[in-house]
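Enquirer: Residue numbers (full-length UniProt numbering), protein chains in the order written: chain V, 1 to 639; chain D, 1 to 219.
A portion of the hints provided could be inaccurate.
[Stated by the list, open to error] Far from chain V by the CB rule (all over 12 Å, computed), these chain D residues: (1) E15; (2) N21; (3) P23; (4) Q102; (5) L137.
[To be verified] Subject to a maximum C-alpha distance of 25 Å in a straight line, what follows is the list of computed SDA-like cross-link-like pairs (lysine to any residue): (6) V:K41 - D:K200; (7) D:K57 - V:H60; (8) V:K41 - D:E172; (9) V:K437 - V:E456.
[Claimed, not checked] Incomplete in silico selection of chain V near chain D, CB under 8 Å: (10) I5; (11) I9; (12) T32; (13) E33; (14) T35; (15) Y38.
What the hints contain is simulated information worked out from the structure, not anything from laboratory work. Since this is a predicted model, take the numbers as computed values, not measurements. Think of the CB as a built atom: it goes at the ideal place given N, C-alpha and C, for glycine as much as any other residue.
Each chain, written out:
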Amino acid sequence: MKNSISERIADFLKKFPPFSYLSLEELFDLSTEITILYKTKGSIVFKNGEQPHDFFYVVHKGAIALWKEDENVVIDICDEGDIFGLRPIIANDTYRLDAKAQEESMLYAIPISLFKPYAKENGSIGNYLVESFASNTRNPYSTTHKGQLLGDTAKFNPNNSGSRLLDVQPVEYSDNIASVTMETSVKDIARLMTQKGIGAMLIENEGLPVGIITDKDLRNKIATGNFGIDVNAEQIMSSPVITYPTKLTLTQAQMAMMKSNISHLVLTEDGTVNTKALGILSKHDIMLSLGNNPAVLVKAIKRTKSVDEIKPIRKGVMNLLMGYLDQNIPMSLTSKIISELNDACIKQVIGLSLQKMEKEPPVSFAWLAMGSQGRSEQMLHTDQDNALLFNNVEESELETTRDYFLKLSKHITQGLNLIGYEYCPADMMASNPKWCKSLSEFEQMTAKWIMNPGPEEVLLCTIFFDYNHTYGDKALVEQLSAYIFDTVEKYPIFLSHLATSALQNPSPTGFFRQFLVEQDGEHKDTFDLKRRAMMPLVDAARVLILSHNITGISNTWERYEKLAQLEPTNEELYLACSYASKALLKFRTRQGLTHNDSGRYISLQSLNKEEKMKLKRTFKTVKEIQQLISVRFMTHRLR
Amino acid sequence: MGKAKTYPDFWLSYEASLKTNLPSQLEDNIFVVLDTETTGLDIKKDRILSIGALTIKNSAIKANEAIEVFVQQERYSSESAKIHGILKKDSEGQLTELEALQKLLKMLKGAIIVAHHAKFDVTMINNALKRNGLPKLMNKSLDTSTLYSKTLSRRDRENLGGHFSLDHLAHEFNVPKGDRHTALGDAYITAVAFLHIISKLKPASLNNLLKKDRFWPFW
Chain V
1 MKNSISERIA
11 DFLKKFPPFS
21 YLSLEELFDL
31 STEITILYKT
41 KGSIVFKNGE
51 QPHDFFYVVH
61 KGAIALWKED
71 ENVVIDICDE
81 GDIFGLRPII
91 ANDTYRLDAK
101 AQEESMLYAI
111 PISLFKPYAK
121 ENGSIGNYLV
131 ESFASNTRNP
141 YSTTHKGQLL
151 GDTAKFNPNN
161 SGSRLLDVQP
171 VEYSDNIASV
181 TMETSVKDIA
191 RLMTQKGIGA
201 MLIENEGLPV
211 GIITDKDLRN
221 KIATGNFGID
231 VNAEQIMSSP
241 VITYPTKLTL
251 TQAQMAMMKS
261 NISHLVLTED
271 GTVNTKALGI
281 LSKHDIMLSL
291 GNNPAVLVKA
301 IKRTKSVDEI
311 KPIRKGVMNL
321 LMGYLDQNIP
331 MSLTSKIISE
341 LNDACIKQVI
351 GLSLQKMEKE
361 PPVSFAWLAM
371 GSQGRSEQML
381 HTDQDNALLF
391 NNVEESELET
401 TRDYFLKLSK
411 HITQGLNLIG
421 YEYCPADMMA
431 SNPKWCKSLS
441 EFEQMTAKWI
451 MNPGPEEVLL
461 CTIFFDYNHT
471 YGDKALVEQL
481 SAYIFDTVEK
491 YPIFLSHLAT
501 SALQNPSPTG
511 FFRQFLVEQD
521 GEHKDTFDLK
531 RRAMMPLVDA
541 ARVLILSHNI
551 TGISNTWERY
561 EKLAQLEPTN
571 EELYLACSYA
581 SKALLKFRTR
591 QGLTHNDSGR
601 YISLQSLNKE
611 EKMKLKRTFK
621 TVKEIQQLIS
631 VRFMTHRLR
Chain D
1 MGKAKTYPDF
11 WLSYEASLKT
21 NLPSQLEDNI
31 FVVLDTETTG
41 LDIKKDRILS
51 IGALTIKNSA
61 IKANEAIEVF
71 VQQERYSSES
81 AKIHGILKKD
91 SEGQLTELEA
101 LQKLLKMLKG
111 AIIVAHHAKF
121 DVTMINNALK
131 RNGLPKLMNK
141 SLDTSTLYSK
151 TLSRRDRENL
161 GGHFSLDHLA
171 HEFNVPKGDR
181 HTALGDAYIT
191 AVAFLHIISK
201 LKPASLNNLL
211 KKDRFWPFW
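Can you build the whole structure from these sequences, using the hints too?
Expert: Structural data, given as structure tokens:
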């Protein structure tokens, strides 16, 4: 029977997921059957190894600590609104942790028999639970819980919830495919295309797609006279065709077209050329479904004749970014596209700056993006961090060469500033002679850092070593990288110094609880996302990848993915790090867009329960990677 | 001495439930926390408008075991309606006094009564029982007002002036006052306060707790 106690319970629960996904009526039904438990400080809710209760618990007031007793560590502290003790019931497992009241607490014990039907029928609840269990296992793609959820694998498989993110906006393709055989004459094909009003014809052999002929092929190959009008399809078709499965999102389709520089994708049953074609997707189809489109933006950037013209286009990039975040497109994809666009802008600025110079460059050079830009982790406008590397010249020519490149760099940095890249406050820019050097000068500089790694040097390394080639002579960059790795190998102590600096910012585990208790401090009510969560992951990835002698990967999550391949024993942790890096960047970008700032300082009050949970999960990962680093590089020896 | 009056079955089973000794351990006992909303504070004239009650067993409260009954009353004062918001015309779902008492007695079987200023509530219920030809309540009772004062230092007691309102307890134990002045809402606040108080007083046994309530401190 509904009464003021159950109403009070319902009022509380409706603020927190997954209960917020229930209808008010369902919530009242559930609330009526709840038992309110009072726990004194230090009292036990359940113990490791115990058979699961008929209830799971929600913290109404106070805090419950989940302990791993044999190791005497607190795994998590559950706050108001947090759920605990659910996984064992659903997985038919015993409790794996001790739950103990950290302070005087009131709990709501919710009968599982009543809740389970909701969890099964309500997709949002199921997904939330997947997420919530994942937060206890670090990795949302962890295999540990695969198929254990509610015994309904098809619906709540964690992998499904992953792919759910990918199903952003499925492509709409035309399934009315026009196809001919390889022997069909070009004339007939052109007639058919005109008749049907289509821009591409699929060429099939024994029912399978083998090639494609587009308007462009007819123009470039026939109209130019390169091929006679009497040839048949086989001779001018583009082959093999690029095929994809029909379950493709707009973004994936765009990426695919950008990657292969083609205008049509053939969609087949299983995504390979070995199955029947089900549809054709043209660039035009995509343009129609997506107004703001990266390919259009890249084209627009390339067409600009002055830096001024790039500025408004960058606004379009920001709109695109917002759209991607709204649609929850995976961060790896989002960041790739946005970095690509940022890159295109920078390249265009460099190209335009070169035109301003009176002479051609005296020797080959390369433009390096450093720091977050080098790592392709710069979504919102932040500072410029760049360097210019030029080929070795005779000692006598060195300064005049440098003068040339300094002048060029000045044009470039001004241009970048104009389109929205703030000048680097520490003047780490190619317009500074310190960062405009010949290959051998850079080699000497880095060698000095590696051999004498004081705090200053290590800091410089952390910025410089994430460089990425943006423009110019790639071979120069590769030579520099090779040199750096050789030197690091000769001075392994350098890695320990680098590792030590990676541990400077301890992981913020248990932060939320602490925050609730201590109410003041310099950044009251905010949390430094960059320093406390992102940088530790970035720093750890750098030192690990350097220790493996891997060049050419500067992006943090790609580094972790590589590390996962290189060290299968730590695969789970590295993949968790990769995930956490992406999640944090997304978080920061979202925050930045919402508050129109860098997104670095986060107001905790503005976060909902799910967001807090996601953050908490990344904190656990930060802690673990830091433990790995301190052991591996024996950082205690340096202290 | 005349022949003992015969009482209805519900009373007899209530009476029987309280004949056996109560368990000595606190966690084995049933505490019924209750609150009455009345037409006023005059125990002779005023009447019960609603009763809210919930059961605590081993530090747990089951939401579906809580009751909240509204009682039909002739005597009605618009003054008190301002406080508890029960208007006479809200008579749907109201029980007769006897029905309400019957429901309450069923819940009170083998239990200890807990209420804030318990004496008032118990007296109001006893008067209602009398009107319906029934004897007085037989449960032992505990007063959270008295018990709370036992958790305080002498100085705190003096600072608080010896008056511990339910509002004060709600504030002290961080219970939202949204349901204040509904019988069950107040009973809930009382229950939370009671649980806190027990955790502070840590009585060794039920008797120990009852004693703490019995003797008014000398201050």
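Enquirer: Decide, hint by hint, whether the structure agrees.
Expert: Okay, the hints, checked on the actual structure:
no.	hint	result
1	E15	holds, 27 Å
2	N21	holds, 26 Å
3	P23	holds, 19 Å
4	Q102	holds, 17 Å
5	L137	holds, 23 Å
6	V:K41 - D:K200	holds, 11 Å
7	D:K57 - V:H60	holds, 19 Å
8	V:K41 - D:E172	holds, 17 Å
9	V:K437 - V:E456	holds, 19 Å
10	I5	holds, 5 Å
11	I9	holds, 6 Å
12	T32	holds, 5 Å
13	E33	holds, 6 Å
14	T35	holds, 5 Å
15	Y38	holds, 4 Å
Checked against the numbered hints given earlier, this structure breaks none of them.
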